[in-house]
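Trainee: One letter stands for each residue in the lines below.
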Amino acid sequence: MRSGGNAKPRLNNSELWGGLIGLALGGFVIWSGLKLKLGTINDPGSGYVLFYTGILMCVFATAIIVAAIAEGGPTLASRWENARWTKPALIIACLIAFSLALEPLGFLLSSIPLMLLLLRLIDPVRWSLAIPIAVLVPLGMWWVLKRLLLIQLPSGAFGIG
Amino acid sequence: MDTLANVAHGFGVALMPINLLYCFIGVFIGTLVGVLPGIGPISAMSLLLPVTLSGTPESGIIMMAGIYYGSMYGGSTTSILVNIPGEAASVVTCIDGHQMAKQGRAGPALGIAAFGSFIAGTFALVALMLVAPKLASIAIAFGPAEYFSLMVLGLVVLTFLTQGSMAKALLMACIGVVLGLVGLDSITAQPRLTFGRMELIDGIGLVPVVMGLFGVAEVLLNTEQVIRRDIINTKITHLLPNRADWQASAGPLTRGTMLGFLLGILPGGGAVISSFASYALEKRLSKTPERFGNGAIEGVAGPEAANNAAAGGAFIPLMTLGIPPNVVMALLLGAFVIHGLQPGPLLITQNPGLFWGIVASMYIGNVMLLVLNLPMIGMWVQLLKLPYNVLFPLIILFTILGVYCSSNNVFDVYVMIAFGVVGYFMRKLGYEPAPLVLAFVLGPMLENNLRKSLILSHGDLWTFVQRPISAACLALALALLIAPLLPALRKKRELVALDEEA
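These protein sequences, in sequence, are chains P and E. Just so it is clear: in the first sequence, position 39 is 28 by the working numbering, and no numbers are missing. Just so it is clear: in the second sequence, position 340 is 338 by the working numbering, and no numbers are missing.
To be clear, the hints were calculated from the coordinates, so they are not data collected in a lab. Ideal placement from N, C-alpha and C gives every residue a C-beta, glycine not left out. Any given hint could be a false lead.
Heads up, simulated BS3-like pairs for lysine-lysine below, C-alpha to C-alpha not over 27 Å straight-line [to be verified]: (1) E:Lys450 to P:Lys26; (2) E:Lys426 to P:Lys76; (3) P:Lys76 to E:Lys383.
Covered stretches of chain E (chain P as the covering partner; in silico rule of three or more C-beta atoms under 8 Å from a C-beta of chain P) [unchecked claim]: (4) 63 to 72; (5) 385 to 393.
Here are a few chain E residues that face chain P, going by a calculated C-beta distance under 7 Å [as the list claims (entries may be wrong)]: (6) Val124; (7) Asp183; (8) Phe193; (9) Leu399; (10) Val419; (11) Glu445; (12) Asn446.
Could you put the whole structure together from the sequences, leaning on the hints where they help?
Mentor: Quick look at the structure:
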């Protein structure tokens, strides 16, 4: 995990960035706790636990940052070394596109393209198999949920589904 | 006499056709996810959490429990035949199990794993039956201070056992507590961290969080690598271990069962740690430790018994105190809460049918598992050939549907996708999701008990130290927090640290 005895702080140190994100989150939680009112120790308010949890987050994040500066750490790029990083990146892009399309298009019109993309993007499944799976599985699930379990899935602006 | 009557009542519940069906579905899915590398019991349980809504509480919880202990059985098959652990608790089984398979002894390895799991699972159930009601009667005396300290201990133990930096695990636990507090304050009804979104007034749902962190993130991580499988192709014969195998395995089975059960009860402990501990113990006790790693049957029997006994033991803190000792039990707690039930000291007296029904179903489930895992081993081997490029898109679709069906709310699908992406980056940066999920479940209870203790004691913090159980829990938690600072203990921790994603 460690990059060795390199004590010089580096900006591409992934541990450092992880700690800084934790510190920022901790600061936000402290601020939220203060905004919600701390109350007193006899009668703790809504922000009491949030405030002290935020302080603990800052303490742990600082410990991560100190360790990152003192001991070094793997670079951000090395975390994805020898990994097919494009695969998860493409899946994330598909999921974001799906989440944007789900309400306007409805479940069927958004999940069929999602399935087809995933089947072709991860480790390409041949078209003759990918198309039937991408169409039949969402359709089958939709039928089971709508007809058997009486669960209404989003039907979108076109009312399909 | 009371216990026998309760067990009879439990069997009456468990043997109802619908509960038998749910039990079978649970152990079948459990074996399935145990066999398939990359999908663990946590992902499967989070996927099926919404399904529990459709039946009675008994049926739903019987199925969820079946998935958990079923995955402990199934995990060993993949470890032995493919040398890839089906789930984290079977990592150790790979070492000697796969070596046995390579030497043409896959049958006895699978046999001893299944029989060992059955024996340990049955012992754990008998112990659960005897210990749980007694512990529940003691737990009635627990006040908010004891509950708060016990939950702190549970979180600290889990962070101590999580792989990698403890500071990272503790940071994750704090984030989990904060996420658990989103929504209306249960005492003042003030909205917290809702950002003006009506969907967040009730808080963030457990299902989208867990499905995102364990389901979607798991798929994202798995797609990064090409999964290679070195399946033993020879015909599997002689599943029944011979006399020499039984003689060699008797001690490890007994010790593994005891050790696993005790470690299972401890907050933060569980199946993974107990299987590692059992392997280490057997190797240390063996007169021929050099055989370990080269196909010693003791190296399969001990850990397999330990992880199954731990799976049974882990039900004790959940059922008697209402405190989940690990993430799997946190999910089970979620299933209880979905049905409006609160596990705790009063569960056994107020819902005897539920408690004893679940216990009895586990006996039945263990028998079902023995049948599923031995005569039907060929089917599971065929399943190992299922292409992942078809399986992963299906998992994503099922997670989306599962989340939507749990709340009929598209917002939860967005939350799941967001947690999936965050979970992926967390794992890449070495932040484990397990402490976050446990803290997310415990967060509201932790806050509630802390505030109650402070109100009851008029703000006197000594209340946590003056009460012996609370003081003992906090002292142990403090010792575990300090331990990583000591080099000798740090090394020990690295040895036993769990890898939740295995």
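Trainee: Any hints this thing doesn't respect? Which numbers, in order?
Mentor: 4, 6, 8, 12
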